[in-house]
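Residue numbers (our numbering), protein chains in the order written: chain D, 1 to 226; chain X, 1001 to 1236; chain R, 2001 to 2271.
Worth flagging that the hints you see were computed from the coordinates, not collected in a lab.
Fair warning: this is a prediction, and the values are worked out from it, not measured in the lab.
Among the hints, a few may not be true.
Stated by the list, open to error - With a straight-line cut-off of 30 Å between C-alpha atoms, the simulated DSSO-like cross-links for lysine-lysine are: (1) D:K177 / R:K2125; (2) D:K175 / D:K224; (3) D:K224 / X:K1028; (4) R:K2014 / D:K121; (5) D:K175 / D:K129; (6) D:K150 / D:K168; (7) D:K30 / X:K1228; (8) D:K30 / X:K1188; (9) D:K121 / X:K1081; (10) R:K2235 / R:K2047; (11) X:K1028 / R:K2171; (12) R:K2171 / D:K129; (13) D:K150 / D:K129; (14) X:K1081 / R:K2023; (15) D:K177 / X:K1056; (16) R:K2171 / D:K113; (17) X:K1172 / R:K2047.
Said to hold, decoys possible - Okay, the calculated beta carbon distance ranges per label pair: (18) R:S2006 / D:D75: 41 to 51 Å; (19) D:E193 / R:D2202: 24 to 34 Å; (20) R:A2094 / D:T21: 56 to 66 Å; (21) X:P1085 / D:T215: 46 to 56 Å; (22) R:D2102 / X:E1091: 18 to 28 Å; (23) R:A2255 / D:P191: 27 to 37 Å; (24) R:Q2227 / X:E1091: 49 to 59 Å; (25) D:T215 / R:P2037: 42 to 52 Å; (26) X:T1086 / R:D2102: 47 to 57 Å; (27) X:G1160 / R:K2183: 35 to 45 Å; (28) R:G2236 / X:D1003: 33 to 43 Å; (29) D:T21 / R:P2037: 36 to 46 Å.
Beta carbons are placed, not taken as given, at the ideal position from N, Cα and C, and that holds for glycine.
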Amino acid sequence: MYMVLVRTRVLPGDLLHDSYTGIAPPNTYKLGNKLFSLKVGLVEIDGKDVKLIPLAGPYIPRVNDFVIGKIIDFDAFSWDVDINSIYTAHLPAQDVFGREFSSQTHSLTSQFKVGDMLAAKIIAFDRTKDPVLTVREHGLGKIVHGEPIKLSPSKIPRLIGKKGSMAKIIETKTKTKLIIGQNGIIVVQGPSEGIVLAARAIHLIEEKAHMPSLTNMINELLTKEV
Amino acid sequence: MIDENGIRLDGRRWDELRPIRIEVGVIKNADGSAYIEFGKNKIIAAVYGPREAHPKHIALPDRAIVRCRYHMAPFSTEERKPPQPTRREIEISLVLRRAMESAIFLEEYPRSIIDVYVEVLQSDGGSRCASITAVSAALADSGISMRDLIVGCAVGKIDGQIVLDLSDYEDKEGEGDMPVAYMPNLDKIVLLQFDGIFTEEEFKKAIDLAILGNKRVYEILKKALIEKYFGTVEEK
Amino acid sequence: MSIKKSPIIENLRKMQMIELLSKERRLDGRSLTDFRPINIKVGVIQKSNGSAEVSVGNTKAVAGVKIETGTPFPDTPDQGLLVVNAEFLPFSSALIEPGPPDEDAIEVSRVVDRGIRESQMIDLKSLVIEPGKLVYCVFVDISILNMDGNIFDAAFLAAVSALLTTTFDKKIAKEDGSFEVQKCRLPTRCIPISITSITIGDAILVDPTEEEESVQDSRLTLTFNDQGFLCAGQKGGSTGISKEQLFKIVEISKAKAEELRSLVKKVIENA
């Protein structure tokens, strides 16, 4: 039997397992009992299961994901929100104005204008329809200050780190607050020198996400600069 | 075109490739991109998407559609080529698109469109094979799910002999040209065109040689992707 | 080949940009009159007569020159031809849709063309083989590879650098009526430089990024010859500009053109 080793760097088409019996895990596919990679990524082994961590790829919406979006359009009943994904999300006006919403009495631009950024949660998505957002929860809604920065959506887990450890390091050392959307959009809030430094740390994660020593590198960058 | 020692005009033997260089991630704005030098070919491929299809009615409910535009810069050829696309460019766009449709996991991205653009900055023999190799590097760079990478290289017949990877001159003066693109892990041919006269035996030999050449291109492509994503240093 | 949609910039970025401008600073840390890093590589396309790849920050352009023979225009029988063509490649921006060149790409072609023509950079009179019948045509094709604002200056630098390194096989008539072919440099007389600035309120920003262009009031592209004389200009943007601001831009641009010219000279000397 052939099985790929942990932390193997894989490319699309690489054989991961030659007698895999389960359902193909995300980012892989099966042909007979052979399991192949669909992405550039790193292999992790979870028990006897193969897990593929991709290093690139678009953001695919999932229900309950926390995302940061940008208003790109609106009509009488909803806003179109760019969530850095394949599909444009929609925020229904009722979600913001409540049940008594009427397109006659409420003006959508009184709440969100084109170009505004918001933190939201995906409440519905199944690939046959565009994702639907809500802002009716604590911590959601318009983001009124800070700097938006992009990171490959597949690298967001590295930015967050184990139990949020990486994000914590960056926030503490740069005296900023990170609002991290799972869709690869981050808003950094705080003093402008801190924002510049946090942005550099995020760019370093973009470049070196595959390195096991990433935490040390970030620590080093931030300690040197502070 | 082949001397008594078996050496071709540019100094290669029958089974040698021209020099190849691949660089991944050359177009900042694109979701994935790659540059390839294959002999004198200099080609950029870049991918946008999967993204929302415009106009919406061209989208399919169960999978992504792929659009491909292969285009040659006016200064890419010996004589200036007017910028409007020619029939040749439109046909190459089509065969490239079919080749990549066999590798991309289209079902993963319903109702979307994947735009693939290829710009030939300098052309030489085998530009469609170099293009598909660059396209597959760009697709892998974009993180679009792919069953396998695709590599391309041509074979041909010159002075009655089957040889690997024709140069521009060998293509023009030779007896036959056969571009082949190949998925190395799945062992499948995804692009095949040829012109010229081949016996059945020559044809089989040509395909075998093309696969051999493609496996070498594959090693170069893998190296380029690993360099972009993992750096050059081996780490544990 | 292009139709370009305009970008939607986050209001957060816009606010920050405006706030920084009041302190004479920009989002990428530059001062108002700084160019982004410029990189020029010549001789990148061996099949062309002259070529250059230029990046200005993230904006990237490649220009290739082809010299062919053709018939002159009836009104200029004693002059060679100059044709400048710019294309926004569809992969240069997520906002571009493939198609025939739109007005923006054509504007770039025309502005670059005028800068080169009016500065009399190329001695077109020396490009005649037989007056009225056969002349050399100089084709300058510019492809925009990646867009991040100030397409004009990237395209212009690429075109000028390509022309300065152009060589071609010149037919020289012999006494017996036959021709001798000689490899020649394209005869050039100066190094024209274009400088593009935008205004946002009272601020003048040289070498704008796409983000900055999206909130511009006016845009101005000025071309200078070696003597520092203005030889072509184009205003863009849909807001008016005051005389004072205009003169200020001329002053700034003239100094910037000097800087860029010495950069181009250095590249050509080392080529």
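Check: Hints broken by the structure, by number, lowest first?
Finding: 1, 5, 9, 10, 11, 12, 14, 15, 16, 18, 20, 25, 26, 28 and 29
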